[in-house]
Amino acid sequence: MIIVKNLKRYYGTGETAVKALRGVSFEINKGEFVAIMGASGSGKTTLLRILALLDDATDGEYTIRGLKVSSLPEAERSYYRLTQVGYVFQDYALINEMSAAENVYILSMMEGKSRKESYETALEALDKVGLKEKHNRIPDELSGGEKQRVAIARAIAKKPDILFADEPCANLDTRNSKQVLDVFKELNEKYGQTIIMVTHEPWHTEYVDRVITLEDGSLVSDVQKRR
Amino acid sequence: MINDIRVGALIAYCSVKRGNKKTLMFIVFVLSLIFMNLVFLPSMIGGMTVLFTGMMQDYPYGDVVIEPTGDNTYINNADNVLQKVRAVEGVRAATKRLDVGASIEHKQKVVGVTVTGLLPTEEYEISRYPYIITEGDFLGELSRDEIIIGAAIAGTSPVFGEIYDNLGEVRAGSLVDVTYSNGVKRTYKVKGIMEGTFELVDLNALVHYKEIEEVYGLEESKATSVVVRVDKQGTEEQIQDKIREAGVNEQVFTWADKSESLIRQAMQSLGAIDVMSKFVSLIVGAALVLIIIYINVLNRKKEIGILKAVGITPGSIVLSYAFLSMFYVSLGIFAGLVLYFALMLYFQANPVVFYETMEIRPQIDPVLLIQSIVTMLTLSVIAGTLPAWSVSKESILKAIWSR
Chain A
1 MIIVKNLKRY
11 YGTGETAVKA
21 LRGVSFEINK
31 GEFVAIMGAS
41 GSGKTTLLRI
51 LALLDDATDG
61 EYTIRGLKVS
71 SLPEAERSYY
81 RLTQVGYVFQ
91 DYALINEMSA
101 AENVYILSMM
111 EGKSRKESYE
121 TALEALDKVG
131 LKEKHNRIPD
141 ELSGGEKQRV
151 AIARAIAKKP
161 DILFADEPCA
171 NLDTRNSKQV
181 LDVFKELNEK
191 YGQTIIMVTH
201 EPWHTEYVDR
211 VITLEDGSLV
221 SDVQKRR
Chain B
228 MINDIRVGAL
238 IAYCSVKRGN
248 KKTLMFIVFV
258 LSLIFMNLVF
268 LPSMIGGMTV
278 LFTGMMQDYP
288 YGDVVIEPTG
298 DNTYINNADN
308 VLQKVRAVEG
318 VRAATKRLDV
328 GASIEHKQKV
338 VGVTVTGLLP
348 TEEYEISRYP
358 YIITEGDFLG
368 ELSRDEIIIG
378 AAIAGTSPVF
388 GEIYDNLGEV
398 RAGSLVDVTY
408 SNGVKRTYKV
418 KGIMEGTFEL
428 VDLNALVHYK
438 EIEEVYGLEE
448 SKATSVVVRV
458 DKQGTEEQIQ
468 DKIREAGVNE
478 QVFTWADKSE
488 SLIRQAMQSL
498 GAIDVMSKFV
508 SLIVGAALVL
518 IIIYINVLNR
528 KKEIGILKAV
538 GITPGSIVLS
548 YAFLSMFYVS
558 LGIFAGLVLY
568 FALMLYFQAN
578 PVVFYETMEI
588 RPQIDPVLLI
598 QSIVTMLTLS
608 VIAGTLPAWS
618 VSKESILKAI
628 WSR
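Note that the protein sequences, when read in sequence, are chains A and B. Be aware that the first sequence starts at 1, since it is given in the working numbering, and climbs by one per residue. Be aware that the second sequence starts at 228, since it is given in the working numbering, and climbs by one per residue.
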């Protein structure tokens, strides 16, 4: 489903260039739950942002279902982000002035669905993460774990091909982290959702099928845990 | 595009609904002051214009004034002209006057003046002369050897006292010697002092029409002007045409025609101040609206990045700020209008006093209000769109993480 070939990302040029990714290659199949691990500065977040079309690679090739997304113009990348890709941020990245439901259904409205249809889609997504009852709450009225689950609901409401998560439990305690990871696991097992998650917590790997490890911008291990 | 509008409206709606109400109130307050700045000074200038033009109507020119043609000094057979004028529909009253040059002397002090010969009883319907007597009485039908003099000449004017030469505290009952331009000298008892806080009035003197007729030996009802008042303000030009159609062959002017040369320059100066004030207000207003919205956008830079990251189009984001900005400005205009009308009411009851006695009441000009509203709304769209457009063009990483 995802093919990454010799992906490079340099910040700056010449001798002083910071080489965040030094030529990473791998493939991810549909329905896999993959963890990208590595020490701080290993390039895992940079890789995820490029895969989620939030950043551009300096060199290399990146295709999703045969489409070379790395060379798409910005308008198409924006549409791709809206319809095919879900992204869960480390710090939730919810709009504080919108309720949980509004944070979710704004994307359906962007896709052209009616307000009613969008609202139903949002409730369905919030139900999947166990927050249907709190759909009217604004982010300030939710706990960290609940905020992250709203962020997940926002990412999955559009039923994306791939769900990206950038250290989704970084700001959460163990109990809330488990709740979030349980949601990911259920989405993966029950709905076959492809998930690529960046994490630095070894115990998170208990939830995933595969672990890709980066070190200084290079892929150093790719371990299949299940399946 | 429709999706952009829907999403932009949703973002703006949520921002207003759950945004900081104190910030909203502050922004609206500042915007209301900007709006006030746009409309208040022009309203005051409008009030000054009305005051000055009103004086021209109330004293020398009435609503329509008829003057001799060509080089003629007098209108011949003014009574015939008056008869024709009074028959015109829409004319409320008309009278004839004789203006001549003279000098007035009192206790070795001499001042040059214009003396107007008028028919006292008719002036009650024509001008405000009978109503501005501050000392003594106005002339009567039998007034002979009596004169009314302006406060500036008498030396009793608190406004013009130190500006113009005067006779030094002439009071009602004093005797003054008037030497007319033809050399005839008469002694008059001052029957009253008039004060209109307007140079054309306070530097003038009034005697009975028949006095001037006698002094100049005029016959067959001559006049230097026939002053006409109309039933309804704003019909002056129609009445002007009707008077001409009635067979009056003298020069017929509206008060505006006559005021032009005298007041045009003053109004042009005020107009220039008005234009400059509006221009500066617009620049200041545009800058403030832009700063307010720009700060707002900068505070939400991360939010814009997030919206872009999850797939919201830049068009929706820009529109949301345009809507937000229009909403702020609409509230600002509303608050500004409330403030403006409150001030208008206040100044109607407590006019600004100019030259101690001239009361300026600001004028509400609907066209000016509409222009200012349209200007503010246009500004709001530009001010809301530009900063949001600039931030929405930044890369997602830069917007969210400042990278």
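Be aware that a few hints might be false.
Subject to a maximum C-alpha distance of 27 Å in a straight line, what follows is the list of computed DSS-like cross-link-like pairs (lysine-lysine) [claimed, not checked]:
(1) A/K185 with A/K134
(2) A/K113 with B/K244
(3) B/K311 with A/K8
(4) B/K529 with A/K19
(5) B/K459 with B/K311
(6) B/K529 with A/K113
(7) A/K5 with A/K68
(8) A/K134 with B/K625
(9) B/K244 with A/K68
(10) A/K134 with B/K244
(11) A/K19 with B/K620
(12) A/K19 with B/K625
Worth flagging that the hints you see were computed from the coordinates, not collected in a lab. These numbers come from a predicted model, not from an experiment.
Self-check item: In rising order, the numbers of the hints this structure does not comply with
Solution: As far as the earlier hints go, 3, 8, 9 are violated by this structure, in ascending order.
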